[in-house]
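Q: Line by line, the protein sequences give chains F and A. Numbering-wise (the working numbering), the first sequence opens with residue 1 and increments by one. Numbering-wise (the working numbering), the second sequence opens with residue 1 and increments by one.
By construction, these hints were calculated from the structure, which means they are not laboratory data. Please note that a few of the clues may not be correct.
Below, computed lysine-lysine pairings styled on DSBU-like, alpha-carbon distance capped at 35 Å [claimed, not checked]:
#1 Lys119(F) / Lys11(A)
#2 Lys11(A) / Lys124(F)
#3 Lys119(F) / Lys201(F)
#4 Lys11(A) / Lys201(F)
#5 Lys161(F) / Lys11(A)
#6 Lys124(F) / Lys201(F)
Chain A is faced by these chain F residues, among others (derived, beta-carbon under 8 Å) [what the hints assert, rightly or not]:
#7 Phe47
#8 Met127
#9 Gly154
Just so you know, even glycine gets a beta-carbon here, dropped at the ideal spot from N, CA and C.
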Amino acid sequence: MAALLPTASGTPAAATEIPVEPPAGMRRRRWIPYALLAPGLLWLAVFFVYPVFQLVMASLWDPSGSVETGYTFAWAFSNYADAWEMFHVQFLRSLWYALITTVVCVALGYPLAYAIAIKGGRWKNLMLVGVIAPFFTSYLVRTYSWKAILSDSGPVVDFLKWAHLLAPDGRLLATEFAVIAGLVYNFLPFMVLPLYASLDKLDVRLLEAARDLYHGPVRSFFRVTLPLSMPGLIAGTLLTFIPAAGDYVNAQLLGGPNTQMIGSVIQSRFLVVNDYPIASALSVMLMVTILVLVTVYVSTAGTEEVV
Amino acid sequence: MHGFWRWLAEKWVLLLGFVLLAYLFVPIAVVMLLSFNQPASRNTTYVLDFATFQFTWNNWTDMCGAAGICDSLMRSIYVGLSATVIATILGTLISFALVRYRFIGRGSTNTLIFLPMATPEIVMGTSLLTLFIGLQIPMGFLTILIAHVMFCISFVVVTVKARLAGLDPRLQEAAMDLYATPWQAFRLVILPLVLPGIVAAALLAFSLSFDDFIITNFVTGTSDYTTFPMFIWGSNLRGIPPQVNAIATAMFLISFAFVIAGQLRTRRRSARRAATS
Numbered sequence: 001m002a003a004l005l006p007t008a009s010g011t012p013a014a015a016t017e018i019p020v021e022p023p024a025g026m027r028r029r030r031w032i033p034y035a036l037l038a039p040g041l042l043w044l045a046v047f048f049v050y051p052v053f054q055l056v057m058a059s060l061w062d063p064s065g066s067v068e069t070g071y072t073f074a075w076a077f078s079n080y081a082d083a084w085e086m087f088h089v090q091f092l093r094s095l096w097y098a099l100i101t102t103v104v105c106v107a108l109g110y111p112l113a114y115a116i117a118i119k120g121g122r123w124k125n126l127m128l129v130g131v132i133a134p135f136f137t138s139y140l141v142r143t144y145s146w147k148a149i150l151s152d153s154g155p156v157v158d159f160l161k162w163a164h165l166l167a168p169d170g171r172l173l174a175t176e177f178a179v180i181a182g183l184v185y186n187f188l189p190f191m192v193l194p195l196y197a198s199l200d201k202l203d204v205r206l207l208e209a210a211r212d213l214y215h216g217p218v219r220s221f222f223r224v225t226l227p228l229s230m231p232g233l234i235a236g237t238l239l240t241f242i243p244a245a246g247d248y249v250n251a252q253l254l255g256g257p258n259t260q261m262i263g264s265v266i267q268s269r270f271l272v273v274n275d276y277p278i279a280s281a282l283s284v285m286l287m288v289t290i291l292v293l294v295t296v297y298v299s300t301a302g303t304e305e306v307v
Numbered sequence: 001m002h003g004f005w006r007w008l009a010e011k012w013v014l015l016l017g018f019v020l021l022a023y024l025f026v027p028i029a030v031v032m033l034l035s036f037n038q039p040a041s042r043n044t045t046y047v048l049d050f051a052t053f054q055f056t057w058n059n060w061t062d063m064c065g066a067a068g069i070c071d072s073l074m075r076s077i078y079v080g081l082s083a084t085v086i087a088t089i090l091g092t093l094i095s096f097a098l099v100r101y102r103f104i105g106r107g108s109t110n111t112l113i114f115l116p117m118a119t120p121e122i123v124m125g126t127s128l129l130t131l132f133i134g135l136q137i138p139m140g141f142l143t144i145l146i147a148h149v150m151f152c153i154s155f156v157v158v159t160v161k162a163r164l165a166g167l168d169p170r171l172q173e174a175a176m177d178l179y180a181t182p183w184q185a186f187r188l189v190i191l192p193l194v195l196p197g198i199v200a201a202a203l204l205a206f207s208l209s210f211d212d213f214i215i216t217n218f219v220t221g222t223s224d225y226t227t228f229p230m231f232i233w234g235s236n237l238r239g240i241p242p243q244v245n246a247i248a249t250a251m252f253l254i255s256f257a258f259v260i261a262g263q264l265r266t267r268r269r270s271a272r273r274a275a276t277s
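This is chain A alone, in the form it adopts within the complex (with noise of 0.2 Å):
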């Protein structure tokens, strides 16, 4: 018993952090869980009664059944990539001024790439929608994607001038030194050793477009390009179709399979690293 209570002190915190780790998931599992229910109506879809559970796999083997819900997806998948890839270039060009250069106006430059991060969404959902309704321009894809990349903007900065703060300068000059062309020691020394950074910006970028709704909900207008999250929100009303259940738990299990994957590969690479030299 005396070593429980030594265990326990020792340990505490650590077991503080499991169970904190814990509650994160449980919405999850609830989700996972309501994925194999057949609610009685759609307007019962997250309601977590034991006592009118009823399993079925219909969610998982007719996951499209809903209409417009895997075109929602796509579009999705679609909005998110191609902001993906405008915000993680724009984004690493800025990174590299700010991080390798000195030049007049690089403190608002910081400030102008902060203030987007400490502005609630809200605030730039309306002032969007007052924009494109002052220019007339029509919503729908062109103004999801416009939105999008101006809040993925920041993160990518932010991410990829972490990596290029830590790396040293003087690499360059000794890849110089050894008759690379500057192009030759951009591409051959500073891009491997960012790509990590802007791989993880782009992660971000994707998963904060792909997720976004409330900056969305204000640049859809009347227009029937729904990406996923407004279908959801859109089916509020006449209830939600118990596929999202389906769909929400592959993408988790996607998303985790890929980060572990990662993980992996960068802690075998470590190792082979550490027996090599």
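So here's chain F without its partners, still in its complex pose (with noise of 0.2 Å):
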């Protein structure tokens, strides 16, 4: 099989001789799959694996540098305990705001996920252009379109005002609230297409069989529906929680200095402040903390399937 396939430079390998024995040519052909990798894991090596080495390296630079100055490497562990001093609050908001986008895109990105595989009939492909017609715009344009839908003079706040709901000087923007309405808004499809793609593959005879055997709709969703869609369920809340974790553009449009999530910090720490160690380390400890998270949680959840 391997001598079928064109070498990495696309020119075809040996095209003019048929071969008569595969295996064989398999075997004289092993550096083959090592030249269809390499430009990629190369471009991957080079600007993304390097880079974090870089990352981890700027973390521990010496703090009293500067850009004009210059940074020396000095092992500088207390740029993480200043890190941590200066912005606990944000790191762990930041974590507790994806956790409960993560909760809410469960809750509404299941039923939909749902809706679209089992129920969805000949609405299925029209319902599934739906969930991704969000990216058809942009997502700062779809954020600032919340903070438009959510604003002082907007719809939502004067009818939570004239249904007594909010207070008369009450507002949406600048609250918990709109960052995580935007949040969820934002990654929920990201949560409902993996569901959907475990759910799609499901055989509805299994829910029949469930059925058959005296199960209620509700027995045979908790034995057979979740456990079967369970890589789906993790997929999703994995791609849900990490770009959340990290996100500043919901906080940035819709909340204020209180709702402020470590990203924004970072962001700001490099950008206009240009403190590169605390900046590095706050966004090794961000790294961190969301690998040890994934992997615990994907060992518990117990499965390997998630790509």
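Each of the two chains sits in its own frame; use the hints to bring them together as a complex.
A: Structure, rendered in structure tokens:
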């Protein structure tokens, strides 16, 4: 089989010869997979792995340096203590917001994915287009649009005030509610799509079998549907939690000073204050925390089938 | 009345699904609406207030009216296309290697592909920034392209891999049995079957690149290579020109038309196949 594929440069591998004995050809061309991998993996090594290493190094730079004078590497672990001291509120808040966002996305995304995959019928494809439709406009424009919807003179605030659910001087913008609502909206499709993929593979005859065995709808959901959709649920929660924890667009556009997330802090430390060591330390903390959480979560939930 | 309740019991999940889809559509509808509004000033572009709503065609007839807006759009398209071509080629090669070969290091390759998707964008943005600063690479088109290709590769691999894995490896052997050369077998049998996966991956890569803001914000630096999302972000202080809404609406309608056309085409093709078989 190996002999059938073109090499990385695009020229056919031994285009003229018909391999009489494919296994032998396979053995002779053991380098082919490596040639196929090389360009892409090299790109990832140079522009993903190495920069992350560089980031870890930067987090240990001597904090007394500056952009003008340059930084020196100093094993300055104190950067981490300082970063935690200054920004643990925003750090924990980000994880908390991301958690709430993920839970709400499961609550909204599961019924939606279920409706499309199991009950969709002839509407299935159209509904799927509806799920990805938000991606047809820009992320920032969508978030600004929420700003308009939740704005002080907007219809939602007007309605809530009319219904006496909001004080006359109450606002939605610059509250936790606005930030989390924005996060939920923006990451809901990432929950729905993997869930849909899992549920779509579900054999509906299993549900009929459960009914034949006197399982009610609730029991067959928890004993058949839910366990079989676990891979999709796990992928969906990861695809929601990870970007939500590092996001700063929603907090910046919809939130206020009291809803700042760690992403905003890192962003301004890097791009405005130019405090590279602390900003790098925060970035590394976020990355490590998420990696640990993901590893624990995936191994507890017991699946390797994430990608 | 009884019939209604029975119908509801049958269909409530589907109805709930449509309600949730409507929710997903709300901000898009608002953007469409705002694209016909003449705000009092740029600072009120994103205020939805029916009392001050002023209908206008100006945002549509004068789309490029705001300084720099269409330049930034062209840059986003240019970066998107370049990143898509590179990432699709690199990613497709990787997925062929992963699906069709058993080799040492396959597991760690899978991990390396998974990691960028499990890393928050802000971490990738900051780490690339420290790299470019360390190597003193000037920020601009090149750094943006490098970053976009990097985060697109993994998504291309996952998409193409899914398509390739569903392919019967014996198809190739069958072609060979019919005296196809290896190249012919690849070009005439394998490639056409994998192509939908590659096209899907390319579309995904383009939309990821075109819409990326978080990473781009870090690797643009002080350069004036402003992509469309960076243009919107940069307008935050001076106020956002209302043309942004017209462009976003146009983007939505064009993508929507493309997707619907694609769906109709596959439906017609499968109908024809059903008719002939």
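Q: Check the structure against each numbered hint from earlier and tell me which ones fail, lowest number first.
A: Of the numbered hints, all hold.
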